[in-house]
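**Student:** Residue numbers (full-length UniProt numbering), protein chains in the order written: chain A, 1 to 465; chain B, 1 to 89; chain C, 1 to 262.
Incorrect hints may appear among the rest.
[Unchecked claim] Under 8 angstroms between C-beta atoms, here's a sample of chain C residues computed to sit facing chain A:
1) P34
2) T114
3) L116
4) C149
5) N151
6) K208
7) P211
[Said to hold, decoys possible] Result set (DSSO-like, lysine-lysine): computed pairs, CA atoms no more than 27 angstroms apart in a straight line:
8) C:K158 x A:K20
9) C:K176 x A:K293
10) A:K20 x C:K214
11) C:K234 x C:K23
12) B:K50 x A:K62
13) A:K20 x B:K87
14) A:K52 x C:K158
15) B:K50 x A:K54
16) C:K146 x A:K54
These are computed hints drawn from the structure, not numbers from a lab. Positions of the beta carbon are idealized from the N, C-alpha and C atoms, including for glycine.
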Amino acid sequence: MGMSQSMRTGLNSILSDVDKINPHGTLGINDSVVSSIYYAAESIANEVVSQKEKPKTDWDKKLDDILTSRVFGFPSMLLLLGVIFWLTVAGANVPSAMIADVLFWGQDRLTDLCNYLHAPAWFHGFFVEGIYRCLAWVISVMLPPMAIFFPCFTLLEDLGYLPRVAFNLDRLFKKAGAHGKQALTMSMGFGCNAAGIVACRIIESPRERMIAMLTNNFVPCNGRFPTLIALAGVLVFGMGSTFGATAIVVGIILLGIAVTLAVSWTLSKTLLKGVPSSFTLELPPYRKPQIGKIIVRSIFDRTLFVLGRAICVAAPAGAVTWLLANIYVGDLSVLAYCAQWLNPFAQAIGLDGFILMAFILGLPANEIVLPILIMSYLATGSMTELDSIEDLYNLFVVQHGWTWLTAVCMMLFSLLHFPCGTTLWTIRKESGSLKWTLLAALMPLGIACAICFLVAQSVRALGWV
Amino acid sequence: MKNNSGGFREENAMSLYDLPIGKTALVNAIQAEGITRRRMLDLGLVPGTKVEALRESPTGDPKAFRIRGAVIAFREEESTKILISYKED
Amino acid sequence: MGLTNQSCGTRVNKETFTKSTAKVDYVIALAGNPNTGKSTVFNALTGLNQHTGNWPGKTVLRAEGKYIDHGLVFNLIDLPGTYSLQANSVEEQVTRDYLCFQKPDATIVVVDATCLERNLNLVLQVLEITSKVVVCVNLVDEAKRKKICVNIDALAAKLGVPVVATAARDGIGLDKLVKTVTEVANGTLKTAPYYVQYHDSIENAIKKIQPQIKLLVGEEEFNTRWLALKLLDKDQTVLTELEKYLRRKENVTTEIGGELWA
Numbered sequence: 001m002g003m004s005q006s007m008r009t010g011l012n013s014i015l016s017d018v019d020k021i022n023p024h025g026t027l028g029i030n031d032s033v034v035s036s037i038y039y040a041a042e043s044i045a046n047e048v049v050s051q052k053e054k055p056k057t058d059w060d061k062k063l064d065d066i067l068t069s070r071v072f073g074f075p076s077m078l079l080l081l082g083v084i085f086w087l088t089v090a091g092a093n094v095p096s097a098m099i100a101d102v103l104f105w106g107q108d109r110l111t112d113l114c115n116y117l118h119a120p121a122w123f124h125g126f127f128v129e130g131i132y133r134c135l136a137w138v139i140s141v142m143l144p145p146m147a148i149f150f151p152c153f154t155l156l157e158d159l160g161y162l163p164r165v166a167f168n169l170d171r172l173f174k175k176a177g178a179h180g181k182q183a184l185t186m187s188m189g190f191g192c193n194a195a196g197i198v199a200c201r202i203i204e205s206p207r208e209r210m211i212a213m214l215t216n217n218f219v220p221c222n223g224r225f226p227t228l229i230a231l232a233g234v235l236v237f238g239m240g241s242t243f244g245a246t247a248i249v250v251g252i253i254l255l256g257i258a259v260t261l262a263v264s265w266t267l268s269k270t271l272l273k274g275v276p277s278s279f280t281l282e283l284p285p286y287r288k289p290q291i292g293k294i295i296v297r298s299i300f301d302r303t304l305f306v307l308g309r310a311i312c313v314a315a316p317a318g319a320v321t322w323l324l325a326n327i328y329v330g331d332l333s334v335l336a337y338c339a340q341w342l343n344p345f346a347q348a349i350g351l352d353g354f355i356l357m358a359f360i361l362g363l364p365a366n367e368i369v370l371p372i373l374i375m376s377y378l379a380t381g382s383m384t385e386l387d388s389i390e391d392l393y394n395l396f397v398v399q400h401g402w403t404w405l406t407a408v409c410m411m412l413f414s415l416l417h418f419p420c421g422t423t424l425w426t427i428r429k430e431s432g433s434l435k436w437t438l439l440a441a442l443m444p445l446g447i448a449c450a451i452c453f454l455v456a457q458s459v460r461a462l463g464w465v
Numbered sequence: 001m002k003n004n005s006g007g008f009r010e011e012n013a014m015s016l017y018d019l020p021i022g023k024t025a026l027v028n029a030i031q032a033e034g035i036t037r038r039r040m041l042d043l044g045l046v047p048g049t050k051v052e053a054l055r056e057s058p059t060g061d062p063k064a065f066r067i068r069g070a071v072i073a074f075r076e077e078e079s080t081k082i083l084i085s086y087k088e089d
Numbered sequence: 001m002g003l004t005n006q007s008c009g010t011r012v013n014k015e016t017f018t019k020s021t022a023k024v025d026y027v028i029a030l031a032g033n034p035n036t037g038k039s040t041v042f043n044a045l046t047g048l049n050q051h052t053g054n055w056p057g058k059t060v061l062r063a064e065g066k067y068i069d070h071g072l073v074f075n076l077i078d079l080p081g082t083y084s085l086q087a088n089s090v091e092e093q094v095t096r097d098y099l100c101f102q103k104p105d106a107t108i109v110v111v112d113a114t115c116l117e118r119n120l121n122l123v124l125q126v127l128e129i130t131s132k133v134v135v136c137v138n139l140v141d142e143a144k145r146k147k148i149c150v151n152i153d154a155l156a157a158k159l160g161v162p163v164v165a166t167a168a169r170d171g172i173g174l175d176k177l178v179k180t181v182t183e184v185a186n187g188t189l190k191t192a193p194y195y196v197q198y199h200d201s202i203e204n205a206i207k208k209i210q211p212q213i214k215l216l217v218g219e220e221e222f223n224t225r226w227l228a229l230k231l232l233d234k235d236q237t238v239l240t241e242l243e244k245y246l247r248r249k250e251n252v253t254t255e256i257g258g259e260l261w262a
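Next comes chain A alone, as it looks inside the complex (with noise of 0.2 angstroms):
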């Protein structure tokens, strides 16, 4: 299907003639038309705009004057950050006790119609013990966490402060031999890891762009930190302290960072070999966030989607693990079994069979690895009843043993483990390649694999445990 040769010969007449008239771009076009076209904007901009006299206060500057300056640019970045993350674990426990209660209560209830019913054991443990309770789990654990961080942080979008950190932190990025930019798709990993690898788009180097990508992942989602969030929570229980657990989860967030860092400075430096490329950013003015609607649109935006999440991902997850830790094979479950075989791997690694089989069923969404691990966890002890951090801490210390550096190492492995389905899926889209897809899932489990291990084996030597 080529052009007819009338309409080709036309266009190679009007590309000879232009060699004659512009040879070798004499002309200077680009330069000289895009300068003129910037004058022509300047003298209509002095005709129509006028400003009759300078605001009293100029608030960009002023709020720039503070959160970018040489003093307080990174504390009040820390700040930010705790004060979110404070927020979000001191305001997610009481709503998680309450949705816990009802849908425990739920629960009851529905066991009381299959007795009622005289269903059978198989019936109320598949869909009551199996689906209804992963449900319950993810929306009374991981709901009120998600639905208290997403507002926070769109707000901080909407005021136009992502591109101040990325400002600040740029000299970080550029000696890791990686993008400015990259501080932004960072940010928006934060609300979700597919978000964040799409993000990576406005990187227009794609060695760079194949960094931010592959890094994404060590900046724990949404899905992520309510994980992190109960963990510190058991990790600070008895102290009773909010603030413990803030630290906690804003001490992991700062060791993702410095991963990111370390981790993009080394790909830099071998498969992705290169020099920075050019960089400009834009520092937009602050806007006034419309905090009603985002606070009103993001929770009812999130229930929504973790709903919805829910039921494709966490129904069959929870229908797989019962499956899983009721089908017997001589005196094991199918879940005991595979959970021993992992058990030495994860032992050494400070964790356990379970944890890491948690992880893995968990791939398709991080919502779902903590009430797969609980449910293994109910499914082989005595307990049935859970609805606080108090009987999580019972299920996991007293009854299985946990350590604080089971609770440690879990929480690592949760950084910078695997990213989930979805995230490599959408690695897979954009930058079309399988391979790359590949170390994208392989490269943080190994890095998980062998932090962890690091860690469990000093403080098993140095016996801290």
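Mind docking chains B and C on chain A? Use the hints.
**Tutor:** This is chains B and C only, laid out in the frame that chain A set:
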């Protein structure tokens, strides 16, 4: 591409990178070539444009400049390629 | 509205949110600098809930939505935010190629009232490509707060296309925008766009090759002045798209409409 160095005079040659914070200068020429040059022009850095050095990042680099109403940050590598004429008051 | 359902999870892989299967009367493109509230205008017109964070480049998803005015269905295409149409980035090229080769029935250019000069740079470039333009001066509330006053009528007279002032976040001015877009799309409102005058040597060069280009592509289809300028600069991206276009023109029967995001 023609190297458009405009009315740039050697003696007061100075790059945007060296413009003190809070000061204003006029763009003289862009020393970059190719796509970087085109992008800089697209941002409005055509000869004669007023630029104001606004602030620097807590780590000293990049620096932010007001260019035709927008605040744009450049790394040292970029801002040293933008030549300006600047009169100290 | 920050991260939304549509910008998270598996939905990030969906490029357009509505399927264009239903009847569409007019196709309207939405262009503008980053951070001008373009996505807010898009959401306000279509009732969709596209991501609208305050950082440059956040419209990484290309969105498409519908609205209805006087019983006519308008398909609104949200193009990536750009400062320029010189095709120095993917976004710029996508936007330029869409405006030039897909020929929307009208184009809304959203500009920031607080930063008009920079935004006019894009408007002037859009006017070179298509004459069916409505300029939407957004964020007038913000400008008022900063004591900046934009003379809308003078701007319209200068640009030769209709100009509408809006504060899209509060829905102000959107009715007028919709009405004006309809009038431009159906041709009841004629425009006479302002063209930037270039250096004499360039103007002369344009005059030399413009007649040949008119012969090749026809006078109706393209702004031949702009095309002449691009060919003089041997813009490879335009050349490639033009060849594609010419090929398509010869095979109208086999390829109607063409691909949206070629």
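**Student:** Hint check: K176 (chain C) vs K293 (chain A), CA-CA at most 27 angstroms. Holds or violated?
**Tutor:** holds, 24 angstroms
**Student:** Min Cβ distance, K208 (chain C) to chain A: is it shorter than 8 angstroms?
**Tutor:** holds, 6 angstroms
**Student:** Was the hint right that N151 (chain C) lines chain A, CB cutoff 8 angstroms?
**Tutor:** Holds, because the Cβ-Cβ distance from N151 (chain C) to chain A comes to roughly 4 angstroms (cut-off 8 angstroms).
**Student:** Closer than 8 angstroms between Cβ atoms is the bar; does L116 (chain C) clear it against chain A? Give me holds or violated.
**Tutor:** holds, 5 angstroms
**Student:** Hint check: K158 (chain C) vs K20 (chain A), CA-CA at most 27 angstroms. Holds or violated?
**Tutor:** Cα-Cα ~36 angstroms, so violated.
**Student:** With a cut-off of 8 angstroms on the beta carbons, see whether P211 (chain C) makes it to chain A.
**Tutor:** Where the cut-off is 8 angstroms and the nearest Cβ of chain A is about 10 angstroms from P211 (chain C), the hint is violated.
**Student:** Does K146 (chain C) pair with K54 (chain A) here, judged by a C-alpha cut-off of 27 angstroms?
**Tutor:** Distance of about 7 angstroms is within 27 angstroms: holds.
**Student:** Answer holds if the nearest beta-carbon of chain A is closer than 8 angstroms to that of T114 (chain C); otherwise answer violated.
**Tutor:** holds, 7 angstroms
**Student:** Quickly compare the C-alpha distance for K20 (chain A) and K87 (chain B) to 27 angstroms and report which way the hint goes.
**Tutor:** Violated, at roughly 43 angstroms.
**Student:** Hint check: K234 (chain C) vs K23 (chain C), CA-CA at most 27 angstroms. Holds or violated?
**Tutor:** violated, 39 angstroms
**Student:** Decide if the proposed pair is consistent with the structure: K50 (chain B) and K62 (chain A), CA atoms, cutoff 27 angstroms inclusive.
**Tutor:** holds, 22 angstroms
**Student:** Taking only the CA atoms, is the gap from K20 (chain A) to K214 (chain C) under or equal to 27 angstroms?
**Tutor:** Roughly 19 angstroms separates the two Cα atoms, so the pair holds.
Comparing the model with each earlier hint shows violations of hints 7, 8, 11 and 13; every other hint is respected.
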